[in-house]
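Each protein sequence line maps, in turn, to chains A and B.
Counting in numbering that gives the first Met the number 0, the first sequence runs from 0 upward without gaps.
Counting in numbering that gives the first Met the number 0, the second sequence runs from 0 upward without gaps.
Below, in silico cross-link-like pairs of lysine-lysine (BS3-like), each with a Cα-Cα straight-line distance of 27 Å or less:
#1 K254(B) / K15(B)
#2 K254(B) / K109(A)
#3 K109(B) / K70(A)
#4 K70(B) / K109(A)
#5 K70(A) / K148(A)
#6 K109(B) / K148(A)
The calculated label-pair distances, taken between Cβ atoms and stated as ranges, are:
#7 G298(B) / G71(A): 56 to 64 Å
#8 M144(A) / E279(B): 55 to 63 Å
#9 E72(A) / A154(B): 33 to 41 Å
#10 A244(B) / E72(A): 45 to 53 Å
#11 Q37(A) / M127(B): 50 to 58 Å
#12 P14(A) / K70(B): 44 to 52 Å
#13 E135(B) / G39(A): 53 to 61 Å
#14 G298(B) / G239(A): 34 to 42 Å
#15 S136(B) / Q37(A): 53 to 61 Å
#16 M127(A) / A154(B): 22 to 30 Å
#17 P152(B) / N55(A): 39 to 47 Å
Honestly, the hints are just simulated from the structure, not real lab data.
Beta carbons are placed, not taken as given, at the ideal position from N, Cα and C, and that holds for glycine.
Number of protein chains: 2
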Amino acid sequence: MLPVVVVHGGAGLVPKERSEKSTMGVCSAAQAAYLILQGGGSSMDAVVEAVTQMENNPTFNAGCGSLLNIKGEVEMDAIMMDGRTLASGAVSAVRNIANPVQLARLVMDKTSHVCLTAEGASQFARSMGVAEVPQESLITEYSRMRWKKNLAPDANPVECQMGRMGTVGAVAVDVEGNVACATSTGGLSNKMEGRVGDTPCIGSGGYADNLSGAVSTTGDGETIMKVVLARLILFHMEQGQSAEAASDLGLACLKSRVEGLGGVVTVDPRGNWAARFTTENMSWAAAQRGTLHYGLYSGEHLTRSI
Amino acid sequence: MLPVVVVHGGAGLVPKERSEKSTMGVCSAAQAAYLILQGGGSSMDAVVEAVTQMENNPTFNAGCGSLLNIKGEVEMDAIMMDGRTLASGAVSAVRNIANPVQLARLVMDKTSHVCLTAEGASQFARSMGVAEVPQESLITEYSRMRWKKNLAPDANPVECQMGRMGTVGAVAVDVEGNVACATSTGGLSNKMEGRVGDTPCIGSGGYADNLSGAVSTTGDGETIMKVVLARLILFHMEQGQSAEAASDLGLACLKSRVEGLGGVVTVDPRGNWAARFTTENMSWAAAQRGTLHYGLYSGEHLTRSI
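Assemble the whole structure, with the sequences as input and the hints as a guide.
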């Protein structure tokens, strides 16, 4: 059953013209991470690689391709967590870097803190020699179009809903049975400056614990925070629920308690996994035992050999 | 049993010369909040009042009296949560305001977001007409002394430990059985700029749910985040543990999993409450049925009529 990696490219309403790129992107990220795991690499390295690939892919709302805040600027959040030690690192509202997930890892590895925000996160990035990139390099035609449409006084709610699509993430178990998670996002389109969502909030955007498993979440961030979704799912697993049943219980609670929609990828330390969502779509892919599993629509589960 | 309010003035090592002021401060905050509850006020109003009083009291590491970051500046975090709806508001790394807890409430009441950080939080404060205060008005002789001592190359670890004292918080249940929590802090002395601790992270710095209860946490923030302490305690309560037993189980997990020390105040919706800590000290006070309960040392439980 080991190793295994499961990635998502964001829960929401994926426009038809973006569905193929989205599926290709998660499949490619899962395969890259799986290669690391097959080579004996750690689950931490695997999830960072998967998320880095999706941050670099303009299709996704993270890194290059991030949705824009109300001022048309890019502010990104990311988190990662090591299930062996519960060590974790996060950044919120960070600007001008290509790979927030890698900065989150540096926060974990190189500081005594767990989370750095805004200008403090940028200063830390500079001190670590992380390359500063111009904001323009992170903005796509699509993200600017979404921003402009949402600014319009007559913005269509269904259209706006598409702007809520987002966040990428991954969970993995390596051959030693260590679990890890990572999540990265540009956040909500047209969000207020300084808005921090669920992604960098431990227990909400992700959680990893070798005793139970790992979860990465996506969807309606403000509601995900209110139920601390990732930790909630792992509590269900601690009580004997499978990765799939626990994910569904967590998403059902999200809906019933705070009317939230979202999606998750979940693993347990033995390599059982789930990719579940209550939104229209979530692009996801899993790699295990030489097979790539993937899907985008509810109930869709395709496979092919790696 | 209702109403009830329980407040803490921070878990840590309270220097002797500050112990009386600290006890007086929590007692006074609890009484002010209790007055609101007795008048039929909501638990939300009560916890904001208690925390506001402690933010305004230079004895505590929140608002005026906040410990300073590595640059000698004040950056504050706060959260609040309404157990009726799970609605919540938070601010992180916010500067130049007197009462971060009130800004957290405005985030909850006046935006579609849950958390605003740094300059974005300041902009929101200005847009709401919140008075900007000079940083100097938030800095005390004590906080500056702690900062200078920690800067010294030969800084004594025990002395530094005193700098970790901090965070104020409150939980309450009003006559209608609604629970709420609020927490506010200046964070760790000599922290990196932009460091965000457990306080503004939902589930870590606090959590409130009418179905189980409310918790506000204090102590070693980075470790509290790793176990999502407030939510963890409420999971134990959902499984039938008392407020006191659940608090102790949560704090034991904090210690065994990540070597963290801390303290919590906890209530259930029926008005059972606990104030528990694994640090040397935690100033705390509770008001219920005309009696004020308070303490500072392990095992200490004093009472007097209100």
